[in-house]
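Chains as they are written, first to last, in the numbering used here: chain A, 1 to 340; chain B, 1 to 327; chain C, 1 to 358.
Simulated from the structure, these hints should not be mistaken for laboratory data.
Glycine included, C-beta positions come from ideal geometry on N, C-alpha and C.
Some hints here could point you the wrong way.
Each computed PhoX-like pair below joins lysine-lysine, with the alpha-carbon atoms no more than 25 Å apart [as the list claims (entries may be wrong)]:
| id | chain 1 | residue 1 | chain 2 | residue 2 |
| --- | --- | --- | --- | --- |
| 1 | A | K262 | A | K295 |
| 2 | C | K308 | B | K278 |
| 3 | B | K227 | A | K118 |
| 4 | B | K136 | A | K118 |
| 5 | C | K206 | B | K10 |
| 6 | A | K262 | A | K330 |
| 7 | A | K232 | A | K262 |
| 8 | A | K118 | A | K58 |
| 9 | C | K206 | B | K309 |
| 10 | C | K306 | B | K227 |
| 11 | C | K202 | B | K273 |
| 12 | B | K273 | A | K58 |
| 13 | B | K278 | C | K202 |
Ranges between beta-carbon positions, derived for each pair [stated by the list, open to error]:
| id | chain 1 | residue 1 | chain 2 | residue 2 | range |
| --- | --- | --- | --- | --- | --- |
| 14 | B | A35 | A | P67 | 42 to 50 Å |
| 15 | B | A298 | C | G316 | 38 to 46 Å |
| 16 | B | S186 | A | A61 | 26 to 34 Å |
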Amino acid sequence: MARKLSYKMAVNEALDLEMTRDPTVILMGEDIVGGAGSPGEDDAWGGVLGVTKGLFAKHGARVMDTPLSESAYIGAAIGAAACGMRPVAELMFIDFIGCCFDEIFNQAAKFRYMFGGKAETPVVIRAMIGAGYRAAAQHSQMLTPIVTHIPGLKVVCPSNAYDVKGLLIQSIRDNDPVIFCEHKNLYAHEVDVPLESYAIPFGEAAIPREGRDATIVTYGLMVHRSLEAAEKLAREGVDVEVIDLRTLSPMDWDTVIESVEKTGRLIAVDEAHPRCSIASDITAFVAQHAFRALKSAPQMVTAPHSPVPFSPTLEDIYIPSAETIAGAVKKTIIQKMVAA
Amino acid sequence: MSDNPFPVDKAGLLEAYRMMKTIREFEERLHIDFAKGDIPGFVHLYAGEEAVATGIMMHLNDRDRIASTHRGHGHCISKGVDVHGMMAEIYGKETGSCLGRGGSMHIADLSKGMMGANGILGAGAPLICGAGLAAKFRGDGGVGITFFGDGAANQGMVLESMNLAAVWNLPVIFVCENNGYAEATSRDYGTAVKSYVDRGAGFGIPGVHADGTDFFAVYEVVGELIKRAREGGGPALLECEVIRFFGHFEGDAQTYKAKGENEYNRANRDCLKIFRAKVTEAGVISDAELDAIDGEVAELIEDSVASAKAAPLPSPKDLMSNVYVSY
Amino acid sequence: MTPSVGIIANPFSARDIRRVVADASGVQIAERANAVLRVLAGLYACGVRHAVMMPDRAGLMHHVLRGIARAGNQGLQRYPEVAPLDMPLFGTVEDTRTAAALMRAGGAGAIVALGGDGTHRAVISACAATPIAAISTGTNNAFAEQNEPTVVGLAVGLAVTGQLPAALAFRANKRLDAVIGGQTHIALVDIALVSDRHVGAKALWKPETFRELYVAFADPTLIGMSAIAGLIEPLSRRDAFGLQVIFAGEGRAARARLRAPIAPGLIAPIGVADWRRIAPGEAIVPRLEAGSLAFDGEREIAFSRKDKVSITLREGAFRSVDIAACMRAAATQGLLREDTPNEDAGDGPLLMAASASS
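Pulled out of the complex, with its shape left as it was, chain A reads as follows:
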């Protein structure tokens, strides 16, 4: 049975289900209880945006507030994972990853390989990503390309509540370290979500809209902007396929290549900065592996190579819009290919 559930509550529900199922699942993070040790309510916040609200009441000591000390507690989550627990650590904003790069990149990501396959580090690091919250340069980044770059990490970035639930459950059950990226501007977005538990396998992109004329490959909030652009273009007679990658590592290359081979046009849409981004990664891969299928030069739609601005007028133009995406799609259609 399904009912409407928000992206935010899908995170909560997935955590609750897995904690109930598996006693080795523990949660830690800054203010995920949000009031521990204070004179008022213990469970006052339940996370800075209320994502983990109620889990402390239900699961008690397995939900732990931490000091504001990312190196220590993200490292502890990784250490506990190497010792048989399944910790889900919340890095409130992915921007804070700078304080625990070492623990994630040099420790968690490398244990398995460096120790000759004898280590498992089933840790999940949840973090909010994305701009649009008027949170400025240090609380609005994507950084998805940075984590995707690192072998040993898996990177998940769902676009809707259904995927959040299934992918978070899979993340917790997965035996590799997973960076689970939650777009803060999608927290209120609702879709039908089944009550029961289910897992969505990694490396399987979704195709929320099929089309014949062009392929938009994207993830996260940009899935919605891309769908909006596709609707607009449909009214103009252009039939666009939209691929929601869902996981950036592993990446579902097959679905991307198949689609481009069908449509002959690629538009890679990424809310991250353009250089060494998910968009440039996809564009390069397609150029290398499906060059002959391309009818026009692939287009990238990304945020600019600048920090995220604070002023709302600037932030609004910083984030790629449906219009920009639609414009890029049109560019692939009116372009003439240089003779091969």
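Take the given structure of chain A and dock chains B and C to it, following the hints.
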């Protein structure tokens, strides 16, 4: 045994000596073979600091965990990691503890509670908090010990971890192996307050000092710290003053050391000599018994080198194996 | 030139296991350096212009010199010139002995020693007739009397500059000697014999190992082994005898059971089988045949049946600066006081006038 004045029975003393001697012989041999060009990469030797690893590890079992440093061979050997596997690992062979993928700085054996040597200074501290947390959730009485040097003592993650361990009252012991040199930089230059024990006070965890050249001093102090941690008494900080017989890494000419420093320390502050003198003077163990161990250890190391040299290299087709558990 | 004063500050005192088995305090290096600076300020105020200091490998002296340099940067003249002793460093108690011997040889007027009883014992073993002023920064601080370092600096400054006569400023102290294997080892307060036959972590915290105790004085306001004797028969530093205590156990019944503060925060039940006063010069052979000798609360020497041990109380064994006597004399003799001549003194005594009018 009524004539044994030590807090360890004779079998335990022999085991401790064998551990220390194995570490020493392993490191002395690497020093020679590295100079010959037989060994790839970076090697950081633990010789001189054996009493610390051994004095601590004699209290631990496989359920207890340690997180080590770049200078990790001694911790590995005393925690029970197979010497043949270690030697093969350092030679980059498929038979190595980590299939030749880790090398000297990344030897681990989680089945022995050895969470890895670590190329990142201070990185063991957050990890061991996790080990302590896991032990606490399991309620199995396990403890976690992390090692770091006087250099890494200045890493933020070490200090953050002390705070976290105190906040969560974790069964964790922070062991500062203070050999006086952060790589080549003297602690006199690189540390504002040169007493690492003092760091504990800032986090409300007790800081104690032990002479790292005396197995018995380390053994007794650590015994109390571990007992306290197992019983729920929380984390503690131990600073052991130790001697690094070799340089920071092999190939280091050590010109920053004082003239005669290594010779003086080898003659007067060698933890193996100190141990031997104590147990033989007390009449508990004879020189002949220790000499016999020396012979066995020499054979073991010789054999480990021979088999490491003869072992197969990893196959190029396995370059990508074990990046993930499943992908 | 005024006489020099020696400064020995042990960076390693207050670091042992009693921070874990009890709640003993740890005095941080930066605090120890501050204490030295306070001593130096007191010395300077009384006219001492030169001090020599033991270097160390834990950066204590480095902090002191940094403090002096900072004052210098601010244009403040508050401290004597401090010269580090030129000596090799091993990071062991040998450093303290070497420094004390060099200070004595260099003619220091006194040695201010910061540490626990162990530090002060090491200084006294090597400083001969040079008086010591002891400041406690250790765990067991039975020997040093509790004084603010600034005041110690003032008292020592008055004493070494001759503003106070030696007979008043310095006092003679008892000590205990233990002879083992022809070598003499000293204790300032107590010698305990314990059944542990190894030295290990050195500290004493397990009452079940206690066998015999010899004390030079026994003050029930202190902690440590001497506190045990102090709870039976208090003896002052000036009394002309010491005390021998035999603990209960190993077939000896307890004549008295005490609750004694044997370490900071550690109050232990102690059974005492017997005790008696001991006279200076009397060589006592302990009953315990094998174990270890603990001096002022720290196991130092393990001994076995083969070793011959004897213990003797010595009178007038070393000199210390009598801080209280110095400061009382400073007050009565107006050494730290300057009276304004009558004609400049305004309208006369305010308090006297007020009390007269009430």
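Taking the hints in turn, this is what the structure says about them:
no. : hint                          : verdict
1   : K262/A <-> K295/A             : holds (11 Å)
2   : K308/C <-> K278/B             : holds (19 Å)
3   : K227/B <-> K118/A             : violated (30 Å)
4   : K136/B <-> K118/A             : holds (23 Å)
5   : K206/C <-> K10/B              : holds (23 Å)
6   : K262/A <-> K330/A             : holds (17 Å)
7   : K232/A <-> K262/A             : holds (21 Å)
8   : K118/A <-> K58/A              : violated (35 Å)
9   : K206/C <-> K309/B             : violated (52 Å)
10  : K306/C <-> K227/B             : violated (35 Å)
11  : K202/C <-> K273/B             : holds (20 Å)
12  : K273/B <-> K58/A              : violated (58 Å)
13  : K278/B <-> K202/C             : holds (15 Å)
14  : A35/B <-> P67/A: 42 to 50 Å   : holds (46 Å)
15  : A298/B <-> G316/C: 38 to 46 Å : violated (58 Å)
16  : S186/B <-> A61/A: 26 to 34 Å  : violated (45 Å)
When each numbered hint is compared with the structure, violations occur for hints 3, 8, 9, 10, 12, 15, 16.
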